[in-house]
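Visitor: Chains as they are written, first to last, in this note's numbering: chain F, 1 to 114; chain A, 1 to 114.
Any given hint could be a false lead.
In silico DSSO-like cross-links for lysine-lysine, where the CA-CA straight-line distance does not exceed 30 Å [claimed, not checked]:
#1 Lys49(A) <-> Lys113(A)
#2 Lys102(F) <-> Lys22(A)
#3 Lys80(F) <-> Lys109(A)
#4 Lys58(A) <-> Lys102(F)
#5 Lys77(A) <-> Lys102(F)
#6 Lys80(F) <-> Lys77(A)
It is worth saying that the hints were derived from the structure and are not from the lab. These numbers come from a predicted model, not from an experiment.
Below, each chain spelled out in residue letters.
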Amino acid sequence: SQTIHQWPATLVQPVGSPLSLECTVEGTSNPNLYWYRQAAGRGLQLLFYSVGIGQISSEVPQNLSASRPQDRQFILSSKKLLLSDSGFYLCAWSASRGHEEKLFFGSGTQLSVL
Amino acid sequence: AQSVAQPEDQVNVAEGNPLTVKCTYSVSGNPYLFWYVQYPNRGLQFLLKYITGDNLVKGSYGFEAEFNKSQTSFHLKKPSALVSDSALYFCAVRPMDSNYQLIWGAGTKLIIKP
């Protein structure tokens with residue numbers, strides 16, 4: 001069966017420090033991969049999505065970047081964190097068959113920038 | 001602009017009573033419709049989806065949703081609520097011509113009281 005791993009679960013970082021959040025998917029190949037941010041336990045904002053290795057689409061211009069070095073690995077990064085980067089970050093995947101496919105979410109990373 | 005509305009920030013229901021969580025949308029064409037649930041400090045879990053066909057869709061944990069094209073609604077329902085149903089519920093819509101972008105509602109907090 002397919003599983004998604006996202007780590008770390010919580011992270012406290014000072015302003016100006018770098019960030020690297022990692023997400024891996026097992027049990028499937030060529031998944032679509034997504035990074036979302038959830039503010040204050042509510043609305044979801046799509047940050048990046050990827051349909052293949054090295055293919056990254058950004059939905060919102062900001063202080064963050066994403067990379068997909070391997071088929072089932074998706075990394076969210078920042079060179080210098082801002083206070084406004086605090087939030088709950090969720091990685092997700094879907095099958096690449098079509099737009100009707102559901103999303104499978106990781107357990108999330110709570111990022112606090114101080 | 002395309003949008004999804006969950007008009008109730010919070011819904012309170014007594015255990016054993018029926019529950020409804022409302023969702024209306026404004027998108028072009030015939031979209032795909034989804035409901036997801038989020039338990040505290042966790043990622044989202046898929047509940048059900050409407051693609052085409054029967055307007056009543058059955059999903060996980062005894063939930064169902066009714067698609068109403070004329071009212072552009074996709075309300076989530078359950079005949080008898082459980083305390084364990086208490087969580088945050090998200091409606092999401094994917095236009096058929098989207099670039100993998102889901103349009104998310106702001107979420108409805110469902111509280112089931114014993």
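Visitor: Now look at each hint and say whether the structure bears it out.
Guide: Quick rundown of the hints versus the structure:
1. Lys49(A) <-> Lys113(A): Cα-Cα ~27 Å, so holds.
2. Lys102(F) <-> Lys22(A): holds, 20 Å
3. Lys80(F) <-> Lys109(A): The given pair, whose Cα atoms are some 34 Å apart, is violated under the 30 Å limit.
4. Lys58(A) <-> Lys102(F): Since the Cα atoms of Lys58(A) and Lys102(F) sit roughly 15 Å apart, the hinted pair holds (cutoff 30 Å).
5. Lys77(A) <-> Lys102(F): This hinted pair holds, its Cα atoms lying about 19 Å apart.
6. Lys80(F) <-> Lys77(A): violated, 44 Å
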